[in-house]
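So the protein sequences, as listed, match chains A and B.
Per my numbering: the first sequence = residues 426 to 610.
Per my numbering: the second sequence = residues 13 to 561.
Please keep in mind that the hints were generated in silico from the structure rather than gathered at the bench.
There could be a bad hint or two in this list.
Claimed, not checked - With the Cβ distance kept under 7 Å, some of the chain A side facing chain B (calculated, not the full set): (1) Phe507; (2) Tyr527; (3) Val528.
Remember, predicted model here, so these are calculated numbers, not experimental data.
All residues carry an ideal CB built from backbone N, CA and C; glycine is no exception.
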Amino acid sequence: MLPNMSLQEKSQKTAHPSGDNRFKLLDRAITKHQGRGDSLIEILHVAQGIFGYLENDLLIYVAHAIKLPISRVYGVATFYHFFNLKPNGEHTFVLCMGTACYVKGAEQIQNALEEHHHCKFGQTTKDNKVSFITARCVGSCGLAPVAVLDNAVVGKLTRDESIKRVEQMRNSVKATEQTVQEVVV
Amino acid sequence: MTIEDLQELSEQEQQRQSEKKHRILYCSAAGCVSCGSDNVSAMLKTKVKEHTLEKECEVIGTGCMGLCGEGPLVKVQSDNILYQNVDEVTASQIVESHILNGKRVEKNICDTSAPFFASQTKIVLENCGRINSESIDEYVAALGYEALGKALTEMQPHDVIEEIRKSGLRGRGGAGYSTGLKWGIVRKAHGEQKYIVCNADEGDPGAFMDRSVLEGDPHRVLEGMAIAGYAVGASQGYVYCRAEYPLAIERLKLAIKQAEKIGLLGNRILESQFNFRIDIRIGAGAFVCGEETALIASIEGRRGNPRTRPPYPSEKGLWGMPTVINNVETFANVAPIIRNGSDWFSKIGTEKSKGTKVFALAGNIRNTGLIEVPMGIPLRKIIFDIGGGTPEGQEFKAAQTGGPSGGCIPNEHLDLPVDYESLLAVGSFMGSGGLIVMDSTSRMVDVAKFFMQFCMDESCGKCIPCRVGTRHIYGLLDKISKKKATQDDLTLLEELCVMVKETSLCGLGQGAPNPVISTLRFFRHEYEQLLQPVETYLGGEVEVADFEK
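Work the whole structure out from these sequences, hints included.
Given below as structure tokens:
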């Protein structure tokens, strides 16, 4: 009985109380880095990869796991642009604002999109469909102006083209919703 | 693995390649991938399989072939024919007509005798677009790791440093400090552990040279780092790569694994007493981390705040230990210098700036892409011969080098030779190699405002001149561009620029006003045109700078 108890206790101690299995993946990454404080950025990368964004609870969890002050973890998470503290919309529209794209008219595209979709860059549309993000340089300068739409790079964009693309994204029905609708019909 | 094993591997691979009648190379760098080279390569492979040509013909993904604006690019290496704007139809034609019947697909042939190709000198990019970027065998067959072998067996560490110093190689990250001297300082510095750091945090908007090298020829960078490690007595190296380059990170990881597997990294490299390991650190999107002390902080897992120098990282760097920090391109130059000798390298370039420089050509220019030219080449030649000039009907106005810390170079200075000193003399900066061409449609106030917004956003906030100064400069530029400013604002702008430049802590702040100073120097009239006449100003309300953005 006793050994069983300790095993149970042990598993209770390591597993996240929410029972969310994704924490196991995160724990594995932390173990890989031997829980070292200097691997904080790597661990946050993994955490964001698993959870999509860095919630406060998640940051606290990481801080405890690698024995760093919460302030330090929060400081690092807010310092770097790559880490999101809020979830993104269903789709992302990342407009490159590198010099080459700027010279080729990325700002006009930005203005047109903000006006047409009533949503500033850095925010998500009210229907939670599309997040508008600007990037510093995606390195495809030869194809300027460039945007990354849901991880696909689209080059030589125009104002009308980008408005149309975003409309398509907003009108696209989520796969699950679509099936539900089909069933109803 | 011993040197003999390495040579044998090289011969085997050369033999294997010579047995293939045709090698079809497609560009698998980011630029071509984003215009659909994946589909092209899939089509090439399907067609080769369909016609059972696998024995005599191989299809290989390479690094950047240079002419990014005309991608996807495909090269038939045996006949030295380069095809541009290849789509799936053309891809199938290349196999069915060119490979099978020897009939070239004329409409897509790219003229490789054009100045874009003919005026270049390739050292750093010699393997880019020629070898499979994911194969260590092909790198070894292209004389890879020979320099490491030479250094380990024939040279003492101080000989390596002396060779690099004599070659005149200077840091390619922008500042241009002598690489040999830097290594010498680290070698002499006391520390139980020493580190080699490769700065691959290429944050300049409009620059993609380092990415292309890492994606196209990752082993070259690793070899350079290992040689540096041997020279200064370090056993651990880090590549700090930005997270925005997932492909480069993937290729680097693969390259490290391959090199470790055959004993070119790790313990007792090439049966010598030298141990060297390389780890990758991934950045998280902060421009300031390109600054060496901020980069060190970031590798240590902290916020990327720079600190005062001295002590320089060569004395107190990573975890307080002596550290060599060099740019990707600098490390990429090391192996050829050791292999061919410093005399060979120092013959290329000008008196003070030796070797070549890789530039990323972009903006309003016909041939966008990646080029490598000898130092001292006139800027006019780069823009009009290699770059093909501005697209039709548009007039050249200025070239911008050095990114957000650099400056604009107008038409009258285009005959300037490209080297560290000449660019500084006209208020610009070599930078890491982004070269953006602007034509008459670009408004210089907006360009300055764009760079200032960048620096304002990227300021880490540690020192006040940069944190507050860039914000105020941005506000003033915004006011000017909205035609709400007066002569007084312009005077204030100029004073602020000098203040921020003189008093900021790190290179980001010190360089931030450069685009404004340089555009004011050459295009002052554009600023003055936008100013309010004095009368309206006296009568109207005085507006406070707009900080909305």
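Quick check on the hint: phenylalanine 507/A CB to chain B CB, less than 7 Å?
4 Å, holds
Classify the hint on tyrosine 527/A as holds or violated, based on whether any CB of chain B lies nearer than 7 Å to its CB.
For tyrosine 527/A, the interface hint holds, since the closest Cβ of chain B sits about 5 Å away, which is under 7 Å.
Chain B contact restraint for valine 528/A - C-beta distance below 7 Å
Since chain B brings a Cβ to about 5 Å from valine 528/A, closer than 7 Å, the hint holds.
Consistency with the previously given hints is maintained throughout, with no hint failing.
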